[in-house]
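Student: As a plain string of letters, each chain reads:
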Amino acid sequence: MIWIAIRMLTGDAQKFYGLVFGIAFSTLLITQQLTIFVNLIERGASGTYNVSSADVWVMDPVSRTTDVNFPMPSTALDKVRSVEGVEWAVPHLRAGASVRTGEGDLEGVSVIGVDDATLIGLPKRMVEGSADVLSQPDSVIIDDVGVTRMFEDGTSPIGERLELNDQRAIIRGIADAIPSFTSQVTLYTKYSQALRYVPGTRNRLSFVLVGAEHGISPQDLTRRIEQQTGLRARTRDEFAQDGVDFIIQNTGIPLNFGITVMLGFIVGVAIVGLTFSLFIRDNIKQFGALKAIGVTNGKIRRMVAAQAGLVGLIGYGLGVLGTVLFIWGFSGNPTFKGFYIPWQIPLISMAAVFVILALTGWLALRNVLKTEPASVFR
Amino acid sequence: MAETMDQHKRTEATQAAICSRGVTRDFKAGQQTITVLHGIDVDIRAGELTYVVGESGSGKTTLISIMCGILWPTEGEVKVFGTDIYDLSDTELVEFRLNNIGFIFQQYNLIPSIDAANNAAVPLIAQGMDRLEAREKAVAMLEKLNIGDQADKLPSQLSGGQQQRVAIARALVHEPRLVVCDEPTAALDAASGRKVMDLLREVAVAEDRACIIVTHDNRVFDLADRILVLEDGRITHDGAEMPEGH
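So the protein sequences, as listed, match chains A and B. Sequence positions in the first sequence follow the numbering used here and run 327 to 704. Sequence positions in the second sequence follow the numbering used here and run 1086 to 1331.
In short, the hints are calculated from the structure, not lab data. Check before you lean on any hint, since a few could be wrong.
To be verified - Where chain B lies over chain A, by a calculated footprint (3+ residues, C-beta under 8 Å): (1) 410-421; (2) 505-512; (3) 526-538; (4) 687-700.
As the list claims (entries may be wrong) - Below, computed lysine-lysine pairings styled on DSSO-like, alpha-carbon distance capped at 27 Å: (5) B:1222 / A:341; (6) A:663 / A:516; (7) A:696 / A:611; (8) B:1238 / B:1222; (9) A:625 / A:341; (10) A:341 / A:611; (11) A:450 / A:516; (12) B:1229 / A:696; (13) B:1280 / A:696; (14) B:1238 / B:1164; (15) A:625 / A:516; (16) A:611 / B:1280; (17) B:1280 / A:625; (18) B:1164 / B:1229; (19) A:450 / A:341; (20) A:611 / A:625; (21) B:1280 / B:1222; (22) B:1164 / A:516; (23) A:696 / A:341; (24) B:1280 / B:1238; (25) A:625 / B:1222; (26) A:663 / A:450; (27) A:611 / B:1238.
Each residue gets a CB set at the ideal place from its N, CA and C atoms; glycine is no exception.
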């Protein structure tokens, strides 16, 4: 009977494709929007993940994320270095600045000052040049997303001179970095150089990056640092999560994406529900005849479930494939750099598809089950 | 004496294909209760082509619906080949219909997206037979009905008469003991109607099989073995021919 059910559905091409489209569109909307949402809010942690060598980030107690920080006095570095279990501790500066490009455009940039001696604070990989270029005078390294924003015509930025807060800066390398939440251009330079580029208040030290001694867990170390220095210390993962949480709590992004995902669900229910009901209504005489002939309600249920299952399988597959193609198609775009589909998202959209089909299938099935076999004689 | 008569009736009833006793059916219409059948006592014998005729609203469709186990009577009992079908559980009744009754509907109710052979095979597939085996049997039945060459065609590619034959094949393919037809000639011209009735007599009527037909098509009345006339929910005539004045 399952074969008959499938043929009943596929034989009505318009409704079959309508149902598949409804599920595929719903899956695409839910999967794609959730993927963008997750990847976007994970950008809140990009500043932390770009510095993979730091086990612990130390900051002023009011600082919240890599971008929302309150500078500390330079003595904080010595305090942290004195804590037992700290293998190394280096200064890290993060501040905003303005750049006037060769074309005279103004661009807001983020300046990151990395440790002069060890260069800890730079992203792990370089697209062009090496970290050593920072030893040359007025050197800065630009992130790869920054290149696409500041040099849209495709010219090489290497050797380009910039007017950075009214001072000369020369781009000598390109870093392979995870873009920030705002995709702002990021310039890396030595800490001492950064202090010159970003004039400001008496206190300039944004963070102290710490490496834990062998055998000391980052969690233990954060507790020790907080107890002994009065500063705030977070492990890398905790601080990354702080960045994500900040975006969730302080922007309308979760609400906006939530609304879109909900719309995807509602559109799915509406299209599939309507089409499924029409399909059942068009075939109610046939279902009635089957019931009269001697097909049990249990078999009818399995027939409708098979129809819903087929539509769900094809529609869901197309929807997920659409999302994969979308992510793959835009992978070259800096806005979508590093985007991936977390494995939980296809599961969530599968659950949504299941709910859509269960709900609409149940509504459609009610009409079939309510149909009296005797109605075929009327 | 009365007891002996009753006993005789009961014996007869067990030999009948369908035996209905005191069948009454009420329908609710708002606050009103309308009685459509008034205590029908009738036996349908195997080996006969039995017509149930009557005006619209006389209760003939309700009567055959009750006789074939798809509509519960308000009162009374119906035995089909000795089985009190309304004593069965829902599942048993559905299974009983699947194994013992073949249906021919006025509008055929064929599944539009499967071919004639698969349509005819539906009862066998519902019984759990392998689809290809069921199809083979269905094709054989279609051949018997002279439309074997149309087995691969969809219902929409067949004429009304051919669709009717597919519906007949579907009703007979699982060799039921009772065949119930609802207005089988309503959509056909006079010649095709007579052909269908001849065909039903040929394939659906046998010594151990009963065929009951609801019709008001007076063009085919002469082909019946027995005619039951229903008026206002009561059998007013039971004979081999239509009474005068109808």
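Student: Hint by hint, note whether the structure agrees.
Tutor: Verification of the hints:
1. Coverage of the stretch 410-421 of chain A by chain B is violated [criterion: at least 3 residues with CB-CB distance below 8 Å; count 0].
2. Figure legend: the stretch 505-512 of chain A, annotated as covered by chain B; annotation inconsistent (0 residues with Cβ-Cβ distances under 8 Å, at least 3 required).
3. Check on the stretch 526-538 of chain A: 0 of its residues sit with their Cβ under 8 Å from a Cβ of chain B, so the three-residue criterion for coverage is violated.
4. Counting residues of the stretch 687-700 of chain A whose beta-carbon sits less than 8 Å from any beta-carbon of chain B gives 3, enough to reach three: the coverage restraint holds.
5. For a cut-off of 27 Å, the pair hint linking residue 1222 of chain B to residue 341 of chain A is broken: about 32 Å separates their Cα positions.
6. Only pairs whose Cα atoms come within 27 Å are accepted, and residue 663 of chain A paired with residue 516 of chain A is accepted, the gap being roughly 26 Å.
7. Proposed proximity of residue 696 of chain A and residue 611 of chain A is supported: the alpha carbons are some 12 Å apart, at most 27 Å.
8. For the proposed pair residue 1238 of chain B and residue 1222 of chain B, the alpha carbon gap of about 16 Å is at most 27 Å, so the pair holds.
9. Between residue 625 of chain A and residue 341 of chain A the alpha-carbon distance is near 22 Å, which keeps this suggested pair within the 27 Å criterion.
10. A C-alpha spacing of about 17 Å is found between residue 341 of chain A and residue 611 of chain A, which places the hinted pair at or below 27 Å, so the restraint holds.
11. This hinted pair checks out: residue 450 of chain A and residue 516 of chain A have alpha carbons roughly 15 Å apart, not beyond 27 Å.
12. Pair hint residue 1229 of chain B plus residue 696 of chain A does not hold up; C-alpha atoms about 36 Å apart against a cutoff of 27 Å.
13. Proximity of residue 1280 of chain B to residue 696 of chain A is assessed by CA-CA distance (about 36 Å); at most 27 Å being required, the pair is judged violated.
14. As the CA atoms of residue 1238 of chain B and residue 1164 of chain B are separated by approximately 38 Å, the hinted pair breaks the 27 Å bound.
15. The hinted pair formed by residue 625 of chain A and residue 516 of chain A fails the criterion: a straight-line CA distance of about 73 Å is larger than 27 Å.
16. At most 27 Å may separate the alpha-carbon atoms for a hinted pair to count; residue 611 of chain A and residue 1280 of chain B meet this at roughly 26 Å.
17. Restraint check for residue 1280 of chain B and residue 625 of chain A: the C-alpha separation of about 36 Å exceeds 27 Å, so the hint is violated.
18. Distance restraint check for residue 1164 of chain B and residue 1229 of chain B: the Cα-Cα separation of roughly 31 Å exceeds the 27 Å cut-off, and the hinted pair is therefore not satisfied.
19. Of the pairs offered as hints, the one joining residue 450 of chain A and residue 341 of chain A is violated, with about 53 Å between alpha carbons and a cut-off of 27 Å exceeded.
20. About 16 Å separates the Cα atoms of residue 611 of chain A and residue 625 of chain A, which keeps this hinted pair within 27 Å; it holds.
21. Between the alpha carbons of residue 1280 of chain B and residue 1222 of chain B the distance comes to roughly 23 Å, so the proposed pair stays at or under 27 Å and holds.
22. At roughly 99 Å between alpha-carbon atoms, residue 1164 of chain B and residue 516 of chain A are farther apart than 27 Å, so this suggested pair is violated.
23. For the hint linking residue 696 of chain A to residue 341 of chain A, the alpha-carbon distance of about 22 Å falls within 27 Å, and the restraint holds.
24. Our distance criterion of 27 Å between C-alpha atoms is met by residue 1280 of chain B and residue 1238 of chain B, whose separation comes to about 22 Å.
25. A distance of roughly 22 Å separates the Cα atoms of residue 625 of chain A and residue 1222 of chain B; the hinted pair therefore holds under the 27 Å criterion.
26. Of the pairs offered as hints, the one joining residue 663 of chain A and residue 450 of chain A holds, with about 16 Å between alpha carbons and a cut-off of 27 Å not exceeded.
27. Pair hint residue 611 of chain A plus residue 1238 of chain B holds up; C-alpha atoms about 20 Å apart against a cutoff of 27 Å.
Checked against the numbered hints above, the structure violates hints 1, 2, 3, 5, 12, 13, 14, 15, 17, 18, 19 and 22; every other hint is satisfied.
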